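Enquirer: Chain V is fixed; fit chain L onto it per the hints.
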Amino acid sequence: MQGKALLRELSQSFGISGRERPVREKIITAIEPLVDEISVDAMGNIIALKHGEASRRGEEPPGTLLLTAHMDEIGLIVSGFRQGFLRIRNVGGFDRKTLLGQEVIIHGQRPLHGVIGLRPPHVSKDDRVPEMKDILVDVGFSSDEEARTLVHIGDPITLNASFLELLNDKVAGKAFDDRACVTAIIEALRLLQGYKHQWDVVFLAAVQEEVGLKGSTTGGYTVNPDLGIALDVGFAQQPGVEKQALPAGEGPVLAIGPQFHTPLTDALQEVARQWGLSYHKEVITGRSGTDAWALQIIRSGIPTALVALSLLNMHSVVEAIQWQDVEATARWMALFAASLTAESKEALSIALPAGIEEGNRP
Amino acid sequence: MNNPLNRQIALYPLLKTLSDLPGVSGAEGPVRDLIAQEVHRYADKMWVDALGNLIVLKKGDSSSTKRVAVMAHMDEVGLVVSGADDKGFLKIKSAGGIIPNILVAQRMKVGPDGIPGIIGYKPVHLQSQEERNKSAKMDEIFVDIGAKTEEEALNKAPLGTAVSFDREMKFAGEPPAVVPEDGGLPETGRLTGKAFDDRVGCLAIIALLRGERLPYDLYAVFTVQEEVGLRGAPTAAWAIQPDMALILESTVADDLPREEDLSPTTRLGEGPAITVSDRASIADPRLLRYFLAKAEETQIPLQIKQPGVGGTDGRAVQLTRAGVPVAILAVPSRYIHSPVSLIDLRDVHNLLRLLEAALPDMPAALQMKR
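Sequence order for the protein chains is V and L. If you're matching positions, the first sequence starts at 555 in the working numbering and goes up one per residue. If you're matching positions, the second sequence starts at 163 in the working numbering and goes up one per residue.
The following block holds chain V by itself, in its conformation from the complex (with noise of 0.2 Å):
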């Protein structure tokens, strides 16, 4: 599965942060026959590595590409009864507007459907969103004895929606932050088949990004990478956003920003101009919100960028991309890995003054 219908496959499994079996199982069906090794960590992430020309014949590799993205996707958890319906808690944030009216899926003993409904124009006058201790989940059991004979407490609760194919290559769906990413980095992987490259690249699939950056922040001590890029969803334009955000179609984003390892993100437009492949620039000043922001801190630091994919929705299950960014992406990934030479890792470093000689590092 690729391209399109693996974005599909990805973006209708399940798992929200902290419960992503399902959709892991999925990545790795995914990239088992792209990569060397595959292992799973204590908190559920992926890390998945590609040996590079030096790994390959047994040699020590000039360095090691982390690229990552986060598996899981916003939810609910189920946290208690009232009358036969389900009181719900979020993990990840929501706009309470979002939940109404939509299908969702209690995954139990039983994957079971249940709706989160509106009280109709006939009786409500009341236009306030409701609070999320007022959304209930209804099953369509009568009373809390019958729920509880087949929904617990804790049991997640993944929002239902099909993907849809819309007009231009805009695509829209579930849980594509970050999953537009993952299908992203698994398509790099692809085009790296075809590629002689020197260094290993790992792909780390991270748990738990929505409620805190926590798989990459295990992820990325274990794989202790030279160089770290981060791919996540951004804003793109959309109705009621159009000043504070780019385009969507007009190829990924890379920020710029404090954060953002300087000559890391100057290699990677180095390489877009070689290529002439197009993306756009967006400073970044502040906490990014993404893995970028728990990788650059990770043991002594790690060179970190971020690429964005421009996303309109975000954290509805009507999230909507251009495809060709997400091939765009891919394609820049997978150039920036093969150009990585033996002196890319002192080349991409950030040196002393010419002539002062470095001294014993701790």
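If you are wondering where the hints come from, they were derived from the structure by calculation, not from laboratory data. Here the structure is a predicted model, which means the values were calculated and not measured. Using N, Cα and C, we set each Cβ at its ideal position, and we do this for glycine too. Misleading hints may appear alongside valid ones.
[Stated by the list, open to error] To give a feel for the contact side, a few chain L residues facing chain V, derived at Cβ under 10 Å:
1. Ala172
2. Val242
3. Gly245
4. Lys249
5. Arg294
6. Lys310
7. Phe333
8. Thr354
9. Arg532
Expert: Only chain L this time, still in chain V's reference frame:
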């Protein structure tokens, strides 16, 4: 309990098709075509009037000269394309009562070809605390079909194109243990879908048409444009001149957990609901007494809809020509006018049972004192 109207009829797949088909007010064509196909072989006469109502005559056994109209509306609430912005996002207006919050993050079908569309909204990350608590407004709702320009958008979806919810009917919770092999409706279970209001009424009339001949001429009427102000029913009733009319509907079940003890209007699973009065009409007292007595006699659950909520084609039919006695029976549904309305199959069965038991003698009800 045996249910003759459910026999030999694949009502379950039919209900799914009916609920899933797009049929926003003014664009009921797909629903009308399906119903016409399903009922033409039971019809003695069938026609579509100027507004698009489908009228089907099933003659009586000639023991009575009465004419009885049984009516349900084909249309569902939805949206209509009213323009496009320069980035290709479709502007819309609502057809029927829709709360804008329910539209946020929905998948939609646009136009007769069902072009997929989505309704996005400013991401939560970019909303202020105030915006997060604020309800969406209709003028913030756009349908995105992927078009890049105003011209492309309006070329694919010209002004007036109907936009319906995209939702497949399914069981909420566990599907019932026993599902009839012949496609009959399972006895129990709760279904969720987008248009039970009023495709479940259409389903009941289709079942009636396929059943035994009644003593009187039965006019089955599938109306248009109920949701935009009861536009279809009056012209159909004018043409038929019925002696009495029965409206089959799906109505508000507001039996949700709440802090205060408010009117639930109707409750799911407690039988079909009969209307005493709603915001649009007062039921004929003889027909009301007749149905309540029949239900009691046959031990079929029937609940009285708490007065004051909603309105139906009953109003339009009642005021036709010199006036028509009207009764309204409805299947309770939670969350109507949303893509996740929810009904209990027991209520559908009990409606069919009550129709089976009560329809043959219904004209006699008018002999009673008012």
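Enquirer: A separate judgement is required for each hint: does it hold in the structure or not?
Expert: A quick look at each hint next to the structure:
The closest approach between the C-beta of Ala172(L) and any C-beta of chain V is roughly 22 Å, which is over the 10 Å cut-off, so the hint fails. With a cut of 10 Å, the hint placing Val242(L) at the interface with chain V is violated, because the nearest CB-to-CB distance is about 17 Å. The closest approach between the C-beta of Gly245(L) and any C-beta of chain V is roughly 13 Å, which is over the 10 Å cut-off, so the hint fails. Because the closest C-beta pair between Lys249(L) and chain V is about 7 Å apart, less than 10 Å, the hint holds.
For the restraint placing Arg294(L) at the interface with chain V, the shortest Cβ-Cβ distance is roughly 6 Å, inside the 10 Å limit, so the hint holds. Nearest Cβ of chain V to the Cβ of Lys310(L): about 6 Å, under the 10 Å cut. The hint holds. The beta carbon of Phe333(L) is positioned within 10 Å of a beta carbon in chain V (closest approach about 7 Å), and the interface hint is therefore held. Hint status for Thr354(L): holds, given a least beta-carbon distance of 5 Å to chain V, under 10 Å.
Evaluation of the Arg532(L) hint against chain V yields a violated restraint, the C-beta minimum of about 29 Å exceeding 10 Å.
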